[in-house]
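Chemist: Working from the sequences, and respecting the hints, build out all of it.
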Amino acid sequence: MTGGTVGQIGQAFHMHIQICAEWPAMKISHAFDAFEAALKSMRAAQIAALGATGAEGREAADELAESLAKVRVAAIRLWSRPATGPSDLVLKARALRWHFPDGIEVPDAALLGAADDPADDAPLGAIAVHYIVKDLLALSM
Numbered sequence: 008m009t010g011g012t013v014g015q016i017g018q019a020f021h022m023h024i025q026i027c028a029e030w031p032a033m034k035i036s037h038a039f040d041a042f043e044a045a046l047k048s049m050r051a052a053q054i055a056a057l058g059a060t061g062a063e064g065r066e067a068a069d070e071l072a073e074s075l076a077k078v079r080v081a082a083i084r085l086w087s088r089p090a091t092g093p094s095d096l097v098l099k100a101r102a103l104r105w106h107f108p109d110g111i112e113v114p115d116a117a118l119l120g121a122a123d124d125p126a127d128d129a130p131l132g133a134i135a136v137h138y139i140v141k142d143l144l145a146l147s148m
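Sequential numbering from 8 applies to the sequence shown in my numbering.
Where hints are given, some of them may not hold.
30 Å max Cα-Cα, derived DSS-like pairs, lysine-lysine [stated by the list, open to error]:
no., residue 1, residue 2
1, Lys47, Lys34
2, Lys141, Lys47
3, Lys141, Lys34
Because the hints were derived from the structure by calculation, they are not lab data.
Modeler: Written out as structure tokens, the structure is:
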């Protein structure tokens, strides 16, 4: 990495996420960019936390926890945007694959694609699949 430390790069990604969050009528492509930035920031925080010890380690762990929360928010913001066509579904599926490279386990009791939004504490994978199924149903009509 060039052009700054891991912390500076992480701050730039956090600023990008904050700017995107301020746009109420954000397009899916903007939400995808914010998700991608959050994911990169999380990876940078993971790398920084690997070799950190002592007070630096606690600070790195706090930064990692914060970046994980921001990834969850950015991912839910992306997946909850209504898809307007197949290209939006492709972006959502790409984000799903990046975030869950080994696949998703959906709980047996999960209701996917229903009119009601999933609970905030639901597993992130189940939330993603719920919104993608909801989009598929809406686009098929």
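Chemist: Next step is simple, just say for each hint if it's right about the structure.
Modeler: Checked hints:
At roughly 20 Å between alpha-carbon atoms, Lys47 and Lys34 fall within 30 Å of each other, so this suggested pair holds. The straight-line distance between the Cα atoms of Lys141 and Lys47 is roughly 27 Å, inside the 30 Å bound, and the hint therefore holds. Between Lys141 and Lys34 the CA atoms are separated by roughly 18 Å; this keeps the pair inside 30 Å, and the hint holds.
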